[in-house]
Amino acid sequence: KAGVTQTPRYLIKTRGQQVTLSCSPISGHRSVSWYQQTPGQGLQFLFEYFSETQRNKGNFPGRFSGRQFSNSRSEMNVSTLELGDSALYLCASSLEVVAGGRSTDTQYFGPGTRLTVL
Amino acid sequence: GQQVMQIPQYQHVQEGEDFTTYCNSSTTLSNIQWYKQRPGGHPVFLIQLVKSGEVKKQKRLTFQFGEAKKNSSLHITATQTTDVGTYFCAGPKGGGNKLTFGTGTQLKVEL
Numbered sequence: 001k002a003g004v005t006q007t008p009r010y011l012i013k014t015r016g017q018q019v020t021l022s023c024s025p026i027s028g029h030r031s032v033s034w035y036q037q038t039p040g041q042g043l044q045f046l047f048e049y050f051s052e053t054q055r056n057k058g059n060f061p062g063r064f065s066g067r068q069f070s071n072s073r074s075e076m077n078v079s080t081l082e083l084g085d086s087a088l089y090l091c092a093s094s095l096e097v098v099a100g101g102r103s104t105d106t107q108y109f110g111p112g113t114r115l116t117v118l
Numbered sequence: 001g002q003q004v005m006q007i008p009q010y011q012h013v014q015e016g017e018d019f020t021t022y023c024n025s026s027t028t029l030s031n032i033q034w035y036k037q038r039p040g041g042h043p044v045f046l047i048q049l050v051k052s053g054e055v056k057k058q059k060r061l062t063f064q065f066g067e068a069k070k071n072s073s074l075h076i077t078a079t080q081t082t083d084v085g086t087y088f089c090a091g092p093k094g095g096g097n098k099l100t101f102g103t104g105t106q107l108k109v110e111l
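If you read the protein sequences in the order shown, they are chains A and B.
Numbering-wise, the numbering used here puts 44 at position 44 of the first sequence, and it's gapless, one number per residue.
Numbering-wise, the numbering used here puts 52 at position 52 of the second sequence, and it's gapless, one number per residue.
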């Protein structure tokens, strides 16, 4: 099976612009999660989508949004970019969400999109 | 802020030496997962521990989940240069597949 793919791999934007990142999960995986990784804050959860619905959301401002399509592909959007949004954005897919959240399925990460905001 | 702490933050070892990273959560976890991220790469799943006191081995790697399910450790015996990278623990918090990652331990192995 092909792994998780993310596009683009690298992106340079200027403050105030907006950006859309794309993630294609492993075939058959229905859950897609997004994480932001920075040297200072580490890996931080942004949101998770399952069956086109946002299941969980991290502590990020409303400028960060996402969606999932019927084929499980997901996009995240960041509007009004700030310098602090420069980071590696990672997408992870997993097979399914276990009801009640009592356990977590293995997450497979994509290579990430490195966003630089100038 | 981070609710899962790891120590040490950095570790330099000589090839052949052992290495241990410790993970501590402020709350009880239903399970703990470990990931490895090579320089310039992305996190790769290593293992998941579910039971209190569970110990699992993968070749030279030994993973342990504490009795209280609030801490975990990863021990590497006789490190090799291929072990270089950052090791993260992660626990589910908030349901579903939401993971809170530890601060990570960066391992460097010198010949």
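Honestly, I wouldn't trust all of these hints.
Here are the simulated lysine-lysine pairs, DSS-like style, with alpha carbons at most 25 Å apart [what the hints assert, rightly or not]:
| id | chain 1 | residue 1 | chain 2 | residue 2 |
| --- | --- | --- | --- | --- |
| 1 | B | K56 | A | K57 |
| 2 | B | K108 | B | K93 |
| 3 | B | K51 | B | K70 |
| 4 | A | K57 | B | K93 |
| 5 | B | K93 | B | K36 |
| 6 | B | K51 | B | K108 |
Each pair of labels, with its calculated beta carbon distance range [claimed, not checked]:
| id | chain 1 | residue 1 | chain 2 | residue 2 | range |
| --- | --- | --- | --- | --- | --- |
| 7 | A | L118 | B | R60 | 23 to 31 Å |
| 8 | A | P61 | B | D18 | 37 to 45 Å |
| 9 | A | P61 | B | N24 | 27 to 35 Å |
| 10 | A | P61 | B | K56 | 36 to 44 Å |
| 11 | B | K51 | A | S86 | 38 to 46 Å |
| 12 | B | G40 | A | L118 | 31 to 39 Å |
| 13 | A | P8 | B | H12 | 42 to 50 Å |
| 14 | A | T38 | B | T62 | 46 to 54 Å |
| 15 | B | K56 | A | T14 | 21 to 29 Å |
| 16 | A | S70 | B | Q14 | 50 to 58 Å |
| 17 | B | E17 | A | F60 | 37 to 45 Å |
| 18 | A | K57 | B | K56 | 29 to 37 Å |
Hints in this document: simulated from the structure, not taken from any laboratory.
None of these values were measured; they are calculated from a predicted model.
Note that CB positions come from ideal geometry on N, CA and C, so glycine has one too.
Verification of the hints:
no.: 1; hint: K56(B) <-> K57(A); verdict: violated, 31 Å
no.: 2; hint: K108(B) <-> K93(B); verdict: violated, 30 Å
no.: 3; hint: K51(B) <-> K70(B); verdict: holds, 11 Å
no.: 4; hint: K57(A) <-> K93(B); verdict: holds, 11 Å
no.: 5; hint: K93(B) <-> K36(B); verdict: holds, 20 Å
no.: 6; hint: K51(B) <-> K108(B); verdict: violated, 30 Å
no.: 7; hint: L118(A) <-> R60(B): 23 to 31 Å; verdict: violated, 43 Å
no.: 8; hint: P61(A) <-> D18(B): 37 to 45 Å; verdict: holds, 43 Å
no.: 9; hint: P61(A) <-> N24(B): 27 to 35 Å; verdict: holds, 29 Å
no.: 10; hint: P61(A) <-> K56(B): 36 to 44 Å; verdict: holds, 39 Å
no.: 11; hint: K51(B) <-> S86(A): 38 to 46 Å; verdict: holds, 40 Å
no.: 12; hint: G40(B) <-> L118(A): 31 to 39 Å; verdict: violated, 21 Å
no.: 13; hint: P8(A) <-> H12(B): 42 to 50 Å; verdict: violated, 35 Å
no.: 14; hint: T38(A) <-> T62(B): 46 to 54 Å; verdict: violated, 30 Å
no.: 15; hint: K56(B) <-> T14(A): 21 to 29 Å; verdict: violated, 47 Å
no.: 16; hint: S70(A) <-> Q14(B): 50 to 58 Å; verdict: holds, 53 Å
no.: 17; hint: E17(B) <-> F60(A): 37 to 45 Å; verdict: holds, 40 Å
no.: 18; hint: K57(A) <-> K56(B): 29 to 37 Å; verdict: holds, 32 Å
Checked against the numbered hints above, the structure breaks hints 1, 2, 6, 7, 12, 13, 14 and 15 and satisfies the rest.
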